[in-house]
Amino acid sequence: MPHDVSLIATIAAGFGLAMVFGFLANHLRMPPLVGYLLAGILIGPATPGFVADVGLAGQLAEIGVMLLMFGVGLHFSLADLMAVKRIAVPGAIVQIGAATAMGMGLALWWGWSLGGALVFGLSLSVASTVVLLRALEAKGLLKSVNGQIAVGWLVVEDLVMVLVLVLLPAVAGLLGGAAPAGGGSLLGTIGLTLSKVGAFIALMLLVGRRLLPKLLWWVARTGSRELFTLAVVAVAVGVAFGAAKLFDVSFALGAFFAGMMMRESEFAHRAADESLPLRDAFAVLFFVSVGMLFDPAVILAEPLKLLAVVAIILLGKTLAAVALVLLFRYPLNTALTVGASLAQIGEFSFILAGLGVALQLLPVEGQSLILAGALISIALNAALFAAVDPLRRWVLARSSLARKLELRDDPLAELPQSTDPSRLSGHVVLVGHGAVGRRIAAELQAHGLHFVVAEQNREAVEALRAQGISAVSGDAQTPEVLVQAHVARAAMLVVAIPDSVNVRQMVETARTLNPGIQVVLRSHNEEEAALLRQECQGEVFLDEYELARGMSAHILGRMRGAS
1 MPHDVSLIAT IAAGFGLAMV FGFLANHLRM PPLVGYLLAG ILIGPATPGF VADVGLAGQL
61 AEIGVMLLMF GVGLHFSLAD LMAVKRIAVP GAIVQIGAAT AMGMGLALWW GWSLGGALVF
121 GLSLSVASTV VLLRALEAKG LLKSVNGQIA VGWLVVEDLV MVLVLVLLPA VAGLLGGAAP
181 AGGGSLLGTI GLTLSKVGAF IALMLLVGRR LLPKLLWWVA RTGSRELFTL AVVAVAVGVA
241 FGAAKLFDVS FALGAFFAGM MMRESEFAHR AADESLPLRD AFAVLFFVSV GMLFDPAVIL
301 AEPLKLLAVV AIILLGKTLA AVALVLLFRY PLNTALTVGA SLAQIGEFSF ILAGLGVALQ
361 LLPVEGQSLI LAGALISIAL NAALFAAVDP LRRWVLARSS LARKLELRDD PLAELPQSTD
421 PSRLSGHVVL VGHGAVGRRI AAELQAHGLH FVVAEQNREA VEALRAQGIS AVSGDAQTPE
481 VLVQAHVARA AMLVVAIPDS VNVRQMVETA RTLNPGIQVV LRSHNEEEAA LLRQECQGEV
541 FLDEYELARG MSAHILGRMR GAS
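Per full-length UniProt numbering, the sequence shown starts with residue 1, numbered consecutively.
If you are wondering where the hints come from, they were derived from the structure by calculation, not from laboratory data. From the three backbone atoms N, C-alpha and C, an ideal C-beta is built for every residue, glycine too. Heads up, some of the hints might be wrong.
What the hints assert, rightly or not - In silico SDA-like cross-links for lysine to any residue, where the CA-CA straight-line distance does not exceed 20 Å: (1) Lys196 <-> Arg221; (2) Lys245 <-> Glu459; (3) Lys245 <-> Lys139; (4) Lys245 <-> Asp295; (5) Lys305 <-> Lys139; (6) Lys245 <-> Val197; (7) Lys139 <-> Leu355.
Stated by the list, open to error - Here are the simulated distance ranges between beta carbons: (8) Arg549 <-> Trp218: 30 to 38 Å; (9) Arg210 <-> Trp109: 20 to 28 Å; (10) Val54 <-> Glu443: 31 to 39 Å.
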């Protein structure tokens, strides 16, 4: 070739094989990402034939991570994060500790050093945000309470890992590794790290919150779609790069905060739509790059060790997360969803393992086991998500303890004794108190209509009760929650959450307890709406249709008034 085309070759091979194997995986009723991982293995250095540039593939994958986290920030406001802080912050920290302890115990049993065991345990403790988001989007759970808890949990994990990545070189000498040249004191390093992270967050809150939305407004005024798309990508990648270079914050977290700040703009939804094609394309390269790092020989060389690693990722972390969520009195469905979310490892694990090897803490064998565990857990993660609902039903049907835990004495799971009985007859049962549910509740309250809110977010239930609004905490697909909301005596069931899967169970339970109850549902597309009307025999409101109808009514009213 007359000049270096390794970038083009890497992109062509990565996208081409990912398309072929993704299609085959989908045809075999497997998640397409399994095909993407297989494509990476085939063009990686551990298999014969064409070998793509691993370094370039990793950088292209980072762009996908940036765009993906930027999109999450556009939809996940600071208020959303604060809404789940009571479970996400302590849950993530305790879960990291539990998973790290399991990994350390295993590594020490194998005879590794304390430093190597610590790096190994930490690498197994943090899940991949990219994998989580793809799984939540595929299941339609990203905007649900379960999705918010899982994303908030991983944001906290990412913040903890940022501190670990910066502090590890400073303590490497104490752990038996290579001490960095010219390193300062441990306390000084910790102080500097916290100062940098604090400075970045302060800069984003004070400057970015005002500047980034205004930038979008200026560009949108030009009327150029190309410039708008360019501005969105430039902000996502530019802020992420600046955060990494100036403040030692990861690319992913930098892009996430950029998206959160740009959410203040009236063009936030358009920004998310414009970046979607690029985000999806580069996210594919993330999975391809993971496959390229995998050496299949480790499966034959250390099968028992690999099995133990996979067991910690899939079982140990999951059980720890499920137990923690249940301790916070969330329903089994939430616990299983969060557990499935964490049953994989990804980008931070690779970075941490690479740093551990560079600091002479982690043996190369440990890095290979981490990569193998990541690939296997990522490939199986979609299957775990698919098993959440069947597993929940199976556990509740066969375990009296599980049923007792669902029905335990929880003050938020049942209405207070002081609730006026007259408010619990002929009332509305409102499932969900998100963006749509809040507006419905406000209208019902303004017109003096009685209603009971069924909401999974315990903090939201506490806030509603503080306002004098009847509310119960729990998953409305379980009969117990609807019973506590007195659905048997209600006039109407209103499902205001974007859940097309479990809504049928809610309606079936409500109709069993109250055959004459009216049902009002929410849908995202016409096909789903038609199915719900046929199966649930209720009134179904389509999001886009209602938006268009409201805008049309406003336009017609203004035009008639002007004529």
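Non-conforming hints, listed in increasing numerical order: 1, 2, 3, 4, 5, 7, 9, 10
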